[in-house]
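K.L.:
For reference, the chains in residue letters:
2 protein chains.
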Amino acid sequence: MSKGLPETRTDAAMSELVPEPRPKPAVPMKPVSINSNLLGYIGIDTIIEQMRKKTMKTGFDFNIMVVGQSGLGKSTLVNTLFKSQVSRKASSWNREEKIPKTVEIKAIGHVIEEGGVKMKLTVIDTPGFGDQINNENCWEPIEKYINEQYEKFLKEEVNIARKKRIPDTRVHCCLYFISPTGHSVALEWWQWLSRGGQGSSDALTSLGPSLRPLDLEFMKHLSKVVNIIPVIAKADTMTLEEKSEFKQRVRKELEVNGIEFYPQKEFDEDLEDKTENDKIRQESMPFAVVGSDKEYQVNGKRVLGRKTPWGIIEVENLNHCEFALLRDFVIRTHLQDLKEVTHNIHYETYRAKRLNDNGGLPPVSVDTEESHDSNP
Amino acid sequence: MSKGLPETRTDAAMSELVPEPRPKPAVPMKPVSINSNLLGYIGIDTIIEQMRKKTMKTGFDFNIMVVGQSGLGKSTLVNTLFKSQVSRKASSWNREEKIPKTVEIKAIGHVIEEGGVKMKLTVIDTPGFGDQINNENCWEPIEKYINEQYEKFLKEEVNIARKKRIPDTRVHCCLYFISPTGHSVALEWWQWLSRGGQGSSDALTSLGPSLRPLDLEFMKHLSKVVNIIPVIAKADTMTLEEKSEFKQRVRKELEVNGIEFYPQKEFDEDLEDKTENDKIRQESMPFAVVGSDKEYQVNGKRVLGRKTPWGIIEVENLNHCEFALLRDFVIRTHLQDLKEVTHNIHYETYRAKRLNDNGGLPPVSVDTEESHDSNP
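Chain order of the listed sequences is Y and X.
For what it's worth, UniProt numbering labels the leading residue of the first sequence as 1, then goes sequentially.
For what it's worth, UniProt numbering labels the leading residue of the second sequence as 1, then goes sequentially.
Treat the hints with care, as some may be off.
Covered stretches of chain Y (chain X as the covering partner; in silico rule of three or more C-beta atoms under 8 Å from a C-beta of chain X) [what the hints assert, rightly or not]: (1) 155 to 166; (2) 248 to 258; (3) 329 to 340.
Residues from chain Y that face chain X, not an exhaustive set, calculated with beta carbons under 7 Å [to be verified]: (4) T46; (5) R52; (6) F82.
Hints listed in this document are in silico derivations from the structure and should not be mistaken for laboratory results.
Beta carbons are placed, not taken as given, at the ideal position from N, Cα and C, and that holds for glycine.
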């Protein structure tokens with residue numbers, strides 16, 4: 001059972017090695033870095049494996065919200081993202097029947113397990129958003145819901161007897177669906193002229209489809225409270241050139257309006273983050289996606305896609321759309337970061353404001369409405 | 001770039017597969033488990049890799065305290081544990097000069113990196129403990145130090161503007177060193193008889209070395225506030241039989257006195273934990289160890305050991321002592337758990353008491369003494 005030290009260091013033939021005097025450790029305030037290979041393997045890196053085991057046992061929460069006008073394929077996209085029926089979908093196209101009179105908030109919970117890791121996924125849908133004749137302030141119920149989840153978490157956190165793991169209902173990610181037909185700037189231009197050229201003409205600098213005022217309004221208000229990822233829905237209606245132009249225009253408009261989406265520049269932690277995220281911010285965003293939960297056979301393989309007379313659109317084929325990029329981004333590279341930015345930035349901002357408003361004290365016995373919490 | 005679905009499922013030859021109607025998701029309150037293989041790989045388990053990357057970037061804190069009479073090799077053992085000079089050691093054996101008049105608390109910080117993972121290690125030494133003529137209440141400064149760290153953490157936690165990562169100075173693990181010569185029960189028996197047989201004779205049930213009253217007193221008071229791991233120091237003074245008997249006696253005495261050491265039974269989270277920890281509680285504890293930072297050549301390999309005229313004691317050889325068991329336990333299997341039990345149990349207990357004493361409100365502007373924080 002004798003455990004030897006690394007062979008590479010065995011160059012002396014003596015049977016007894018008097019250890020060299022080592023420098024005394026420095027004063028505690030300035031930790032000294034140690035060459036851990038000094039006397040062999042310790043096992044510090046096993047912490048990763050220990051954390052993995054803990055995560056496998058407990059699982060984790062992930063709450064994703066979808067916002068956008070009806071008909072943009074929000075439910076289908078989320079189902080495609082998690083490759084399962086996690087979001088309810090209107091069963092027919094009778095829209096009058098389906099669209100609620102006001103914005104509703106509907107949360108559906110699922111447990112998805114993969115590779116032994118359990119994700120407690122909640123999909124929060126917002127039917128009715130942008131579907132009214134007057135859509136003024138229709139982002140308000142959404143902001144209210146998001147803040148209610150922060151409030152719930154805060155209350156659990158300041159409790160004297162706390163739960164070991166505070167249930168996390170906070171929205172970690174908000175997919176905002178932009179219409180591929182956007183909003184005709186030419187039409188706006190016409191309306192603007194017909195009003196006698198009064199009011200702002202900021203949004204009229206380019207022609208072609210662009211963001212609607214509601215899009216800008218929503219993102220302006222919500223980007224400070226939640227991680228927003230804008231996506232261009234139903235991107236199969238655009239040619240490559242149209243898509244590229246549209247994406248550029250959206251990025252430009254968001255920039256001009258000072259709207260920061262996720263991943264926010266200011267939260268990059270190091271150069272590696274910055275390099276990776278700059279690429280996403282400057283090239284990928286907003287992801288132009290196509291969703292589908294229908295399977296087709298292409299070259300002997302089953303793929304998720306949409307069949308048209310002119311060919312099958314494969315949703316996971318990067319030559320066809322950017323769904324795979326979005327999936328990799330939200331699930332495979334930034335999922336943990338979405339959770340951490342929610343906790344460290346958005347929740348902290350809410351908490352600080354709440355405590356400040358309360359004279360530094362935590363909130364007590366102010367009951368939040370639970371009505372938006374679940375499906376009625 | 002077309003990404004196919006798992007080959008094993010491709011059994012139909014149709015070029016178009018109409019998806020089967022799937023059951024509607026259930027109501028949100030009861031999440032539905034989903035067979036994630038339904039439409040291919042999602043990537044949920046990549047969260048582990050994402051967490052690994054984050055940990056590699058940030059590193060982690062680990063704070064270990066050593067308590068026990070001088071001369072038991074506390075510093076040497078910690079140096080052996082981390083294979084580096086992380087703990088200061090008296091340079092000579094002039095004990096009179098070295099032993100402080102009261103218990104002192106000395107913290108030394110180091111950064112040890114292994115496999116790309118950075119551990120910010122703090123070793124907290126307690127010179128003077130048990131070295132006085134009257135050792136009454138000499139556990140008090142130690143308890144005070146431990147609580148001060150909880151207080152510091154609590155203050156950071158209730159701050160309005162919080163740090164993204166609260167610096168963690170809380171003691172995650174306390175190695176308590178039991179003398180291998182213990183305390184002669186025969187002598188106590190004699191003293192007890194000479195007192196006319198008055199007072200408790202609880203500890204006199206067995207003969208041979210055993211825990212001293214101070215050992216019991218310390219563990220009784222501190223086991224509720226910190227994770228205590230008892231170790232039998234300088235175990236090379238014992239034969240296999242003596243060691244086995246001593247260990248059994250110590251376990252018995254702790255049990256009789258209702259002292260729970262780490263890992264505490266009540267915090268086992270599942271059967272796997274229980275099985276693993278029962279073995280440690282019933283067989284390994286207290287680890288009978290030998291420490292050394294001297295290297296010797298044994299069978300062509302360099303080992304850490306102690307040379308005697310009758311042979312070399314190899315500290316990592318399980319036939320010689322239980323150092324490797326202790327190292328595996330503290331570093332390779334339970335390090336994350338030591339941190340979590342400190343946070344979820346000991347810190348929570350402190351916090352709840354503090355808030356209750358304060359009428360449910362967090363503590364404000366009560367400055368803790370910082371004097372014990374570092375080396376003077």
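K.L.:
Check each numbered hint against the structure and report the violated ones by number, ascending.
P.N.:
2
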